[in-house]
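Undergrad: Residue numbers (the working numbering), protein chains in the order written: chain V, 1 to 111; chain C, 1 to 113.
Hints may contain errors.
[What the hints assert, rightly or not] Simulated restraints, written as ranges between beta carbons of each label pair:
1) V:Thr83 x C:Gly69: 26 to 36 Å
2) V:Ser96 x C:Gly1: 43 to 53 Å
3) V:Arg65 x C:Thr20: 35 to 45 Å
4) C:Pro113 x V:His73: 39 to 49 Å
5) C:Ser14 x V:Pro39: 41 to 51 Å
6) V:Phe95 x C:Lys56: 35 to 45 Å
7) C:Ser58 x V:Ser80: 24 to 34 Å
[Stated by the list, open to error] Each computed DSSO-like pair below joins lysine-lysine, with the alpha-carbon atoms no more than 30 Å apart:
8) C:Lys100 x V:Lys70
9) V:Lys82 x V:Lys69
10) C:Lys54 x C:Lys68
11) C:Lys100 x C:Lys56
12) V:Lys82 x V:Lys13
13) V:Lys62 x V:Lys13
14) V:Lys69 x V:Lys13
15) V:Lys62 x V:Lys82
16) C:Lys56 x C:Lys77
17) C:Lys77 x C:Lys100
18) V:Lys3 x C:Lys56
19) C:Lys100 x C:Lys68
20) V:Lys3 x C:Lys68
21) C:Lys54 x V:Lys82
22) V:Lys69 x C:Lys77
23) C:Lys54 x V:Lys62
24) V:Lys3 x V:Lys69
25) C:Lys100 x C:Lys54
26) V:Lys3 x C:Lys100
27) V:Lys82 x V:Lys70
28) V:Lys70 x V:Lys13
Note that these hints are calculated values from the structure, not bench results.
Remember, it's a predicted structure, so these values are computed and weren't measured experimentally.
Beta carbons: idealized from backbone N, C-alpha and C, even for Gly.
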Amino acid sequence: DMKVTQMPRYLIKRMGENVLLECGQDMSHETMYWYRQDPGLGLQLIYISYDVDSNSEGDIPKGYRVSRKKREHFSLILDSAKTNQTSVYFCASSFSQNTLYFGAGTRLSVL
Amino acid sequence: GDSVTQTEGQVALSEEDFLTIHCNYSASGYPTLFWYVQYPGEGPQLLFRASRDKEKGSSRGFEATYDKGTTSFHLRKASVQESDSAVYYCALSGAGNTGKLIFGLGTTLQVQP
């Protein structure tokens, strides 16, 4: 069963705290992504990873970093979270760098 | 750079109405075009895609035809149901096979019973 799993689903943090969002996929997909979704702005690409330790900035990487040490696992890290990072974060993976499979999302609130 | 424009931000219809959501793109060559659908509380999921001029994609009664002449990929459905209420995203694969998808801003479809 092809699946992208995101943990946690909901998270509340205080400004300045560190945040770790985790994503796993069971399809052995090479490429993984982190997007954020905000009202009126659609889906914005934060980072893309082409394989283990092969990461590339997306359109809005500032304030974020990523880690991919295993093909099936991709983490998004917010060092010292800011209130404007309150959003819904989606992880996705793809095999042919074409069709994306998305997780259910993590709703992050930074107070 | 490449871009996708969805004209309608929100669409409100009644069941059995005809649906059109407009999608126009700007890109060089022949990008792959996609329609994704996002139901409440879920991530987007692929509805269908098309890779060549005049190719029709279809799924679940929805369809769209790749038109390079008008740089369009409009989504249509002849008779919508309440269960079709969702957000619909048009997208294209960026140049250079980078794996980056460029999404439109999305269209929220609300279907009343």
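Undergrad: Against each hint, give a clear statement of whether it holds in the structure.
TA: Right, here's what the structure says about each hint:
Distance hint for Thr83 (chain V) and Gly69 (chain C): a CB-CB separation of about 46 Å, inconsistent with the stated range 26 to 36 Å. For Ser96 (chain V) paired with Gly1 (chain C), a C-beta distance near 22 Å fails the hint of 43 to 53 Å. One distance hint, 35 to 45 Å for the beta-carbon pair Arg65 (chain V) and Thr20 (chain C), holds here, with the actual separation near 42 Å. In this structure, Pro113 (chain C) and His73 (chain V) meet the distance hint of 39 to 49 Å, their C-beta atoms being roughly 43 Å apart.
Evaluation of the 41 to 51 Å hint for Ser14 (chain C) and Pro39 (chain V) yields a failure: the beta carbon distance comes to about 25 Å. Phe95 (chain V) and Lys56 (chain C) have their C-beta atoms about 24 Å apart, which leaves the hinted 35 to 45 Å range violated. For the pair Ser58 (chain C) and Ser80 (chain V), the supplied restraint of 24 to 34 Å is violated, since their beta-carbon distance comes to about 47 Å. With a C-alpha separation of about 21 Å, the suggested pairing of Lys100 (chain C) with Lys70 (chain V) holds against the 30 Å cut-off.
With a CA separation close to 26 Å, the supplied pair Lys82 (chain V) and Lys69 (chain V) stays within the 30 Å bound. A C-alpha spacing of about 8 Å is found between Lys54 (chain C) and Lys68 (chain C), which places the hinted pair at or below 30 Å, so the restraint holds. Taken as a hint, the Lys100 (chain C) and Lys56 (chain C) pair is honoured in the structure, with Cα atoms around 22 Å apart against an allowance of 30 Å. A threshold of 30 Å between alpha carbons decides the hint, and for Lys82 (chain V) with Lys13 (chain V) the separation of about 9 Å falls inside it, so the pair holds.
For the proposed pair Lys62 (chain V) and Lys13 (chain V), the alpha carbon gap of about 19 Å is at most 30 Å, so the pair holds. Distance hint between Lys69 (chain V) and Lys13 (chain V) is fulfilled; the C-alpha atoms sit about 25 Å from each other, no more than 30 Å. Taken as a hint, the Lys62 (chain V) and Lys82 (chain V) pair is honoured in the structure, with Cα atoms around 11 Å apart against an allowance of 30 Å. For the given pair, Lys56 (chain C) sits about 13 Å from Lys77 (chain C) by alpha-carbon distance, which is consistent with the 30 Å threshold.
Under the criterion of a C-alpha separation no larger than 30 Å, the hint pairing Lys77 (chain C) with Lys100 (chain C) is consistent with the structure, at around 28 Å. For the hint linking Lys3 (chain V) to Lys56 (chain C), the alpha-carbon distance of about 27 Å falls within 30 Å, and the restraint holds. Of the pairs offered as hints, the one joining Lys100 (chain C) and Lys68 (chain C) holds, with about 20 Å between alpha carbons and a cut-off of 30 Å not exceeded. For the given pair, Lys3 (chain V) sits about 34 Å from Lys68 (chain C) by alpha-carbon distance, which is inconsistent with the 30 Å threshold.
The suggested pairing of Lys54 (chain C) with Lys82 (chain V) is violated, with an alpha-carbon distance near 46 Å, which exceeds 30 Å. With a CA separation close to 43 Å, the supplied pair Lys69 (chain V) and Lys77 (chain C) exceeds the 30 Å bound. Taking the CA atoms of Lys54 (chain C) and Lys62 (chain V), the gap is about 39 Å. The hint is violated against a cut of 30 Å. A threshold of 30 Å between alpha carbons decides the hint, and for Lys3 (chain V) with Lys69 (chain V) the separation of about 19 Å falls inside it, so the pair holds.
Distance check on the hinted pair: Lys100 (chain C) and Lys54 (chain C) sit about 23 Å apart at the alpha-carbon level, within 30 Å; holds. Distance hint between Lys3 (chain V) and Lys100 (chain C) is fulfilled; the C-alpha atoms sit about 20 Å from each other, no more than 30 Å. Taken as a hint, the Lys82 (chain V) and Lys70 (chain V) pair is honoured in the structure, with Cα atoms around 28 Å apart against an allowance of 30 Å. The hinted pair formed by Lys70 (chain V) and Lys13 (chain V) meets the criterion: a straight-line CA distance of about 27 Å does not exceed 30 Å.
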